Amino acid sequence: DTAVSQTPKYLVTQMGNDKSIKCEQNLGHDTMYWYKQDSKKFLKIMFSYNNKELIINETVPNRFSPKSPDKAHLNLHINSLELGDSAVYFCASSPGTENEKLFFGSGTQLSVL
Amino acid sequence: GDSVTQMEGPVTLSEEAFLTINCTYTATGYPSLFWYVQYPGEGLQLLLKATKADDKGSNKGFEATYRKETTSFHLEKGSVQVSDSAVYFCALSGGYQKVTFGIGTKLQVIP
Numbered sequence: 001d002t003a004v005s006q007t008p009k010y011l012v013t014q015m016g017n018d019k020s021i022k023c024e025q026n027l028g029h030d031t032m033y034w035y036k037q038d039s040k041k042f043l044k045i046m047f048s049y050n051n052k053e054l055i056i057n058e059t060v061p062n063r064f065s066p067k068s069p070d071k072a073h074l075n076l077h078i079n080s081l082e083l084g085d086s087a088v089y090f091c092a093s094s095p096g097t098e099n100e101k102l103f104f105g106s107g108t109q110l111s112v113l
Numbered sequence: 001g002d003s004v005t006q007m008e009g010p011v012t013l014s015e016e017a018f019l020t021i022n023c024t025y026t027a028t029g030y031p032s033l034f035w036y037v038q039y040p041g042e043g044l045q046l047l048l049k050a051t052k053a054d055d056k057g058s059n060k061g062f063e064a065t066y067r068k069e070t071t072s073f074h075l076e077k078g079s080v081q082v083s084d085s086a087v088y089f090c091a092l093s094g095g096y097q098k099v100t101f102g103i104g105t106k107l108q109v110i111p
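So the sequences go chain by chain: A and B. With our numbering applied, the first sequence has no gaps in its numbers, which climb one by one up to 113 at the end. With our numbering applied, the second sequence has no gaps in its numbers, which climb one by one up to 111 at the end.
These are calculated hints, taken from the structure and not from any lab test. Quantities reported herein were computed from a predicted structural model and do not represent experimental measurements. Mixed in with the good hints there might be a few duds.
[Stated by the list, open to error] Calculated lysine to aspartate or glutamate pairs in the EDC-like style (CA-CA distance at most 16 Å, straight line):
{"no.": "1", "chain 1": "B", "residue 1": "Lys-98", "chain 2": "A", "residue 2": "Glu-58"}
{"no.": "2", "chain 1": "A", "residue 1": "Lys-36", "chain 2": "B", "residue 2": "Glu-63"}
{"no.": "3", "chain 1": "A", "residue 1": "Lys-40", "chain 2": "B", "residue 2": "Glu-8"}
{"no.": "4", "chain 1": "B", "residue 1": "Lys-98", "chain 2": "A", "residue 2": "Glu-100"}
Can you build the whole structure from these sequences, using the hints too?
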């Protein structure tokens, strides 16, 4: 069983479209994250949720809206996609206590044409 | 705020060569330090970690020592293999749920 799974793995779409990426973890963790990795491999946190509550919201355009229906799921919806949104998006989870490791999904490669 | 600085790479080594990837950090308090590895087409996975000064993390022949006096956590391996080719990320966790990553260093090992 995959611990952190995200779908789809690849997403190709046109500018202006709205798309969603789904993430699920079966580790029983309290905390989930979305990270964005650009073409140079730089990894930046976007959001963090703990038990369905938003904890971290970095400087991200409000076209990006995370939703956590329960603590095992954290979805990312993106409105009005732009060329600059092309990147690999990683979901991750952690047990929720301090200074611990993250468990990552395999990523969703988003290409905006 | 917290930050992690690591060499940009790419680093190209011959098989069985010695590897060092430098990592330094700035943080308030006493962060935990990590090295993550990303193989092509995959997500990051934890390679090793250290939670306090002078701790040594080790895994799969890789080692890194938490040096508070030099604020460093350099990754080393005595003899690299082709299968070690990947991108390596240094990271710190300085507070509740906030992990900061370095830019990643691509390692290519040639036979």
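Taking the hints in turn, this is what the structure says about them:
Using a Cα cut-off of 16 Å, the hinted pair B/Lys-98 and A/Glu-58 holds, with the two alpha carbons roughly 11 Å apart. For the hint pairing A/Lys-36 with B/Glu-63, the CA-to-CA distance comes to about 28 Å; that exceeds 16 Å, so the pair is violated. For the hint linking A/Lys-40 to B/Glu-8, the alpha-carbon distance of about 10 Å falls within 16 Å, and the restraint holds. The suggested pairing of B/Lys-98 with A/Glu-100 holds, with an alpha-carbon distance near 10 Å, which does not exceed 16 Å.
Hint 2 from the list above is the single one not met by this structure.
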